[in-house]
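There are 2 protein chains.
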Amino acid sequence: MGHVLLRNVIQSRYAGKVFPVNPKADNVLGLTCYHDIRETPEPVDLAVIAVPAQRVPDVMEGCGEKETKVAVVVSAGFKEVGSGGAELERQVLQIARDHGIRVVGPNCLGVIDTHTPLNATFAANMPPRGNIALVSQSGALLTAALDWSTTQRFGFSKIVSLGNKADVDEVDMIKALQDDPHTASIALYVEGIRDGVKFVEVAKEAVKKKPITVLKSGVTEAGSRAVSSHTGSLAGSDVAYETAFKQAGILRVSGIEEFYVLAEAFSSQVIPNLQDVVVVTNAGGPGILATDACERHGVKLARMEPEIIEELRRFLPAAAGFHNPVDVLGDARAKVYSKAIRTVLSQASVGAGLVILTPQAPTEPEKTATEIVKARGLFPSKPVVAVFMGGPAVAEAESILASASVPCYPYPEQGVVALSALTRYSRELRRPLRPRPKRLKVDKEAAAAILEGVERGGRISLLGHEAKRLMTAYGIHVPKSYLASNADEAGRVADQMGYPVVLKVSSPQILHKTDVGGVRVNVNARAEVEKIFEEIIYNSGRLVTRAEIFGVEVYTMVPQGREVIIGLTRDPQFGPLIMFGAGGIYANFMKDVSFRLPPISKEEALEMIAETKIQTLLAGVRGEKPSDIESVADVLVRVSQLALDFQDRVLDMDLNPVFVYEEGKGSIAVDVKVTLSG
Amino acid sequence: MGHVLLRNVIQSRYAGKVFPVNPKADNVLGLTCYHDIRETPEPVDLAVIAVPAQRVPDVMEGCGEKETKVAVVVSAGFKEVGSGGAELERQVLQIARDHGIRVVGPNCLGVIDTHTPLNATFAANMPPRGNIALVSQSGALLTAALDWSTTQRFGFSKIVSLGNKADVDEVDMIKALQDDPHTASIALYVEGIRDGVKFVEVAKEAVKKKPITVLKSGVTEAGSRAVSSHTGSLAGSDVAYETAFKQAGILRVSGIEEFYVLAEAFSSQVIPNLQDVVVVTNAGGPGILATDACERHGVKLARMEPEIIEELRRFLPAAAGFHNPVDVLGDARAKVYSKAIRTVLSQASVGAGLVILTPQAPTEPEKTATEIVKARGLFPSKPVVAVFMGGPAVAEAESILASASVPCYPYPEQGVVALSALTRYSRELRRPLRPRPKRLKVDKEAAAAILEGVERGGRISLLGHEAKRLMTAYGIHVPKSYLASNADEAGRVADQMGYPVVLKVSSPQILHKTDVGGVRVNVNARAEVEKIFEEIIYNSGRLVTRAEIFGVEVYTMVPQGREVIIGLTRDPQFGPLIMFGAGGIYANFMKDVSFRLPPISKEEALEMIAETKIQTLLAGVRGEKPSDIESVADVLVRVSQLALDFQDRVLDMDLNPVFVYEEGKGSIAVDVKVTLSG
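Protein sequence lines correspond, in order, to chains G and E.
Positions in the first sequence are counted from 1; adding 241 to them yields our numbering.
Positions in the second sequence are counted from 1; adding 241 to them yields our numbering.
There could be a bad hint or two in this list.
Pairs involving identical chains hold if they fit within one copy or between any two copies, as the list cannot separate such chains.
Derived pair list, reagent style SDA-like, types lysine to any residue, alpha-carbon separation capped at 25 Å [unchecked claim]: (1) K608 / A365; (2) K449 / E605; (3) K906 / A365; (4) K320 / G907; (5) K772 / P358; (6) K623 / F815; (7) K487 / A365; (8) K320 / P558; (9) K679 / E852; (10) K854 / E483; (11) K541 / S478; (12) K854 / E804.
None of these hints come from the bench; they were simulated from the model.
Given these sequences and hints, build the entire structure.
Here is the structure:
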């Protein structure tokens, strides 16, 4: 292994000094070999360590003595082999920290830098030099990519295998690569992220400098999170990642192929200023397939302006397609393609172009490729993506495009996926970095006191009236509520509140209160309240043995509104997660929900609402009055603040249903469930 | 063009006689050339026509004289150039029909048969011989495919360019190819289908013989259908195709690449008997990506049995993955792969396997490929799909797999897509062809009389009470309903029906009756009915001028149930289309719907319901009693029968909401809207 590593370092034409270290050799590959790193004649910037795991701590101590800045630990036998290895890994990391050494790995393939140049991996191939930085948690994916890249049309700036991520992780790599002049885009293969909050924070800023593409696997892993709420059960194990990537402006891909399609798209470094796209094709079928793909991937086809159509008519046959996709017909030669491309790109509203070529008898693939390169030069802010379909007939043309950094794909769908990435990233670039939302005035102390009370009582679930008081402390409207401990008290309270009221048993052990006869709605008089109080206590005690009954909650019955759910759950990596969606009986199976990591501003809350289907209903269908969407956004912002104020204590929260009334009439959280971490 | 065609015919080594026909030549490419087809010395089986469009009718007449069976009209200048060309096309078709000649084209690339062999196209390349029949409406897609196929690992049996489809279309091709011994699977590129009903009928039977894959483009074309119902607006232009393909058991793909992935998968001709799949990999990352893809594409990973895990432990290192995906680790050589593959395939419940290989230092790609081929031979009913990641390191191994017809892909996602197609097709094969559902007893005459009444009145919309009577004729429950023309009559009727009742203005011009004060619910006494009758008439006449008011519909107010929508709309290609989904205010924006082409059996109706999310609610959530799903299925079957009984007359129908009650208590169509074709 050490031999292969050294050979790769030498063959990559690394310009600095290289010191082989091996206790059993004096000379390796023509270089003087040292028996210990401590014996090297000079300080060592980078150590590449491929010794048995047990020996790594000593080597690391040696690195410390030689003022080493970074150690790439290729050796396996650490955390991945169990608890013994994990202990060894902790030991290595401690030594590194003591000496200020950053560690890549252990259990990794190594690192490659094509510009320095340096190949410090045990993989055989040095990839073509390019501007994509590829960072992977899986070494095997890199091996495959390296082998594959030798026959591909785009290159890499850096390739980094993170292995066990004892020290250096994606956050460090993003920080480093965002300012690397040789890197135009960052591509990450991720299986899990340690510190989600930090990751989002760092990625958000980096995305403003260059695009980040992520392939996150393990989307189907069974969530280990305890699920005590609707929100928790609706937030599958992947939702936090999905939400985090979206909020950070990261482009997520669903597979390796899309990963490479995007990498090639961004390698051209041209990001469009505008979203509208134009397609030029010499065949109808592929044009329609591209149109379909545009619809699927959210790419907007430009509407061609009359002057442009007029101009196209001057040189295209009458049977051509003048609307987008522009069909130059099967007999179009390179000159016709060229004129058509220049004409459509000259339309001011067009942001990017897709040129499709199928090899028909009169087609001139190479010349057309050259014309595409020229046309692209005339519109430097408008990326052009090519789709050349076929095999040998278009191979040479593909090389021409590749040398000029024009992304070229074999299928229309891939071309559209590339354009979709370019336009999405252009939107990200233009989206202003949002300032942290201002704190709203809330009664945090009152809220803390409620939670303390619950915790003191050894409970983790808030009783109905406690949850409602918590909402009130954060300015969220709830029905007037009171916990009555006897019938007389219940009657008195109901009289004060006004009728009708709802009576509900208060007991942390009774989850489905309706099923045991523990709930009565629409109670209209004091005598009735007193009678029902006794019935509820009787029913509950009879049907749920060992239920701790705290009394009966009396609360105002509020008028029916549109039902939504607002919730909060906690993700192990990313912390609190806010949810909005269709509520009531529809909440759990319609799965019409959207998520955000707090803090969120009112604007972001409105975006969350806009992402769901229920928003159509709230906006007012068939001439009905719109609902008070603003008030829902306000509740979301308050929940967001509560989530962060008590992020270590509140585990899960459901406001379901929240009744939303007509515009200007607010909304009210009818039922609130809160679970603490305990 | 004629020259190229002739050269291709000759170069394809066609074994039969070839007669060149050209009025201006006596000898072409060494063959005697005739000046007119009528001069050829023998009858002509197949004529390939590439003369100017205007001359095609005469050539076709000549074909008639020579007893030609099939004419492939390559010539363009027909329907595709406008009405003049369309007229010419009709003329050609008429001549062909008069002489019993089948026509392929016009405006097509021609046909290829690699087994005869014969290349009667003007495309340069003869594709490798294989077992996939490719039929395309787009010539350009075929040109690209032919060029590309020369460098690919799987071949074609027939390639047919349908062009304008004046005569021969997809239906004819499916009929012919289903019994072609050289064809294992049929791949269609379709832009539109003429006779949808016929297509489904023919495809349904063919699918029982071999898989059909369809790439249908134009999914986003704006529907030209008039939309007068919720059902119509929910059935986008593509829904009928999607439904038809599903009901026929056709596998639909979303792009060209997937088209080829499936073609390669089916070229192996092994269809699994069981659905469970096992993955063997030498790297964790690609294994996780495969697992993710399995979840996304509905592929079920087998649960490895203890004995199998036991056996794997005998030869795999302790750090290996013994559960599915089985990870043989990066240092696995071919022998280890082989043992692992044989072991996991030996599990009785496993139906198919996916073998992933990444080229790591000790990996033996070619030997592993050979072992895969051998292992496959041991389990002839269990297809094995390979994913060999990388470039030059796995190229030779890919060839080994290709020669043995083991599908091999570069990415895990593609391997999973292939397995998904194989297992889906295996389910199709096992699904019994359903007998046409039996007719239910309905009062078709009464229904016809209602429609005639409406048509005689020059209307296309049924009034509320007419629509309800139509439902009654077909055995669908509706509230008791009566059209009262004066207050006294309304009062009398309400007394007979029993209270509470609903009063609703009856007027075809007033669409949103609630908005104009034309509806009153929960009316409880005769005096009230009479008073409200007058109010409704006054409101409606005042707010909607020129509304034709037929009176006020009085109907029983029924108790609230779960709300669903059942509907019917008509597709231009496929005819009637039945819909089921979440109803009431949720119908239009939740888009929680499923579709079928009638006729449907009760079993299919239950499947429709099961495809929606609302079915979870109907099944009973959180301990609530389940709803009467059977009764909903019954309504669907009755709507299906009505749809076919009156398919030329009923255009659109909404039963919305249908209230569904507890199990055993039936359901009732509260509001019914019916639009006729007019």
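So, against the hints stated earlier in the document, which numbers end up violated here?
2, 3, 4, 5, 6, 7
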